[in-house]
Amino acid sequence: MKGAIERFKRSNGRVCPGASSVREAETGDAPSPRSSGRYYLREKPRKLRPYRELEREIVERQVRRAGGDVIHVRAYRGPDWFTTAGVLKKRRQIEARGLPSFRLWRFLTLTFRRVSTESDPGRAFDTPLEAYLAGKAKLRKFMDAARKAGLWKSGAKWCWKLEFQKDGWAHWHLLVERTDKFTGEDMAKLNELWAFGRVNVQMVRNQDFLYQFKYAFKPVMSDDAERHAFAVPAWFADYCAPRSVTVDGVTVEKPGTFARARFWQTSKGFYTGEQEQAEKSEADPVKSFFPSTVREVVERKACAVQVVARTKSGRYLASGVITLSCLTGEFWDRVGFETFVGGAVGLAVNSYVIPASIIERNTNTPWLLKPLRDKNRLTLLRAAILQRAGESLRTC
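Heads up: the sequence shown runs through residues 1 to 396, numbered per the numbering used here.
Treat the hints as calculated values from the structure; they're not laboratory data. Every value quoted in this text rests on a predicted model; they were computed, and no experiment measured them. It is possible that part of the hints are untrue.
Unchecked claim - Straight-line C-alpha distance at most 30 angstroms; calculated DSBU-like pairs for lysine-lysine:
#	residue 1	residue 2
1	LYS153	LYS141
2	LYS89	LYS375
3	LYS138	LYS89
What the hints assert, rightly or not - So the derived label-pair ranges between C-beta atoms look like this:
#	residue 1	residue 2	range
4	SER292	ALA75	19 to 25 angstroms
5	ARG377	THR339	19 to 25 angstroms
6	ALA134	TRP264	15 to 21 angstroms
7	GLY155	ASN364	48 to 54 angstroms
8	VAL247	LEU317	42 to 48 angstroms
9	GLY150	SER116	26 to 32 angstroms
10	ASP180	THR365	41 to 47 angstroms
11	VAL341	GLN265	51 to 57 angstroms
12	VAL349	THR323	19 to 25 angstroms
13	PRO366	SER116	33 to 39 angstroms
Even glycine gets a Cβ: it sits at the ideal position worked out from N, Cα and C.
Working from the sequences, and respecting the hints, build out all of it.
Quick look at the structure:
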């Protein structure tokens with residue numbers, strides 16, 4: 001028996017459970033492998049197909065399941081002043097335009113008085129909304145009055161940034177091109193001109209001038225940070241109040257929100273980089289704007305994805321932002337299921353090459369997708385090759 005098994009091994013056979021001899025294996029009289037611990041001999045198994053051939057067949061099945069053209073889609077969060085991620089992108093945009101050297105500049109912080117005392121008399125504010133509305137109306141007048149009072153030169157560069165504390169109260173950070181130290185009289189004049197609270201002044205040293213700028217852009221999250229990572233308080237996000245607007249001599253009431261509130265302002269010639277001059281048309285079109293609250297704007301942007309048209313090699317061609325008719329979480333769940341059944345290719349977290357029909361079914365503006373589909377040359381097979389190469393296509 002031992003010699004027969006050795007001869008069968010040399011002839012590329014295989015020893016299997018069930019047979020007690022070569023004769024039993026040849027005649028088929030061997031018992032079932034599951035009912036006995038013996039061994040029987042069977043023919044050599046067929047040769048396996050190459051891995052690349054199987055992979056190509058799987059991708060071809062994915063292409064057939066997609067049923068049409070595919071396109072790259074990835075998560076999108078644009079720059080804004082209302083969320084922590086949006087504030088950081090805004091700061092990068094500003095830095096890309098070229099910043100002056102803030103060395104020896106003065107860093108001012110304008111705060112509000114909450115309680116009036118004998119040592120600090122003046123107007124006190126009961127609510128953060130009341131303080132913000134008063135400071136918003138006062139800020140430009142304060143800047144003009146300080147310049148006319150000689151606290152800094154008329155041609156000095158400056159910038160200011162609105163910021164909220166964790167308790168919801170607003171304050172403003174100012175960077176002013178003044179290298180001379182503020183005297184006691186100058187500080188008294190600053191507090192007199194502001195009149196709503198205290199004015200703190202620091203000198204920007206050589207080693208921390210960029211820190212002072214980034215500190216002014218420090219996003220402070222409110223209690224709603226768990227959902228959207230808000231950088232503004234709840235009262236600011238939900239504010240909506242009527243305001244009077246006069247059109248052609250007729251005064252009407254119109255709802256007002258903080259969706260277009262100004263968070264950043266600079267003087268003329270503040271940026272050091274080359275600035276592109278926008279061409280002004282002779283007659284600007286009349287736009288109709290229906291105000292939305294800050295919370296509505298953030299939630300609308302949270303239901304958006306970026307669709308990218310690419311070449312066969314994955315090179316960027318064009319892109320657009322598509323607003324979904326569902327929450328992004330639900331959309332990515334559907335994309336994940338499509339990837340599981342073989343209809344899409346996942347490149348990274350929230351970065352997929354999917355059938356364009358999936359986006360069409362989950363948006364109210366499918367016509368925005370057509371120009372990108374016409375330019376796109378990326379296929380599901382090429383996407384699988386990029387996936388194997390480790391290309392996520394999340395930042396290009």
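Quick rundown of the hints versus the structure:
At roughly 16 angstroms between alpha-carbon atoms, LYS153 and LYS141 fall within 30 angstroms of each other, so this suggested pair holds. At roughly 28 angstroms between alpha-carbon atoms, LYS89 and LYS375 fall within 30 angstroms of each other, so this suggested pair holds. Annotation: proposed proximity of LYS138 to LYS89 holds, straight-line Cα distance about 28 angstroms (limit 30 angstroms). A beta carbon spacing of about 22 angstroms between SER292 and ALA75 agrees with the range 19 to 25 angstroms that was offered as a hint.
For the pair ARG377 and THR339, the supplied restraint of 19 to 25 angstroms holds, since their beta-carbon distance comes to about 21 angstroms. ALA134 and TRP264 have their C-beta atoms about 20 angstroms apart, which keeps the hinted 15 to 21 angstroms range intact. Taking the beta carbon of each, GLY155 and ASN364 are about 50 angstroms apart, inside 48 to 54 angstroms as hinted. The hinted range of 42 to 48 angstroms is satisfied by VAL247 and LEU317, whose Cβ atoms lie roughly 44 angstroms apart.
Restraint check, GLY150 to SER116: a C-beta distance of roughly 29 angstroms satisfies the suggested window 26 to 32 angstroms. Evaluation of the 41 to 47 angstroms hint for ASP180 and THR365 yields a failure: the beta carbon distance comes to about 56 angstroms. For VAL341 paired with GLN265, a C-beta distance near 52 angstroms keeps the hint of 51 to 57 angstroms intact. Taken as a hint, the range 19 to 25 angstroms holds for the pair VAL349 and THR323, whose Cβ atoms sit roughly 21 angstroms apart.
Between PRO366 and SER116 the beta carbon distance is about 59 angstroms. The supplied range of 33 to 39 angstroms is therefore violated.
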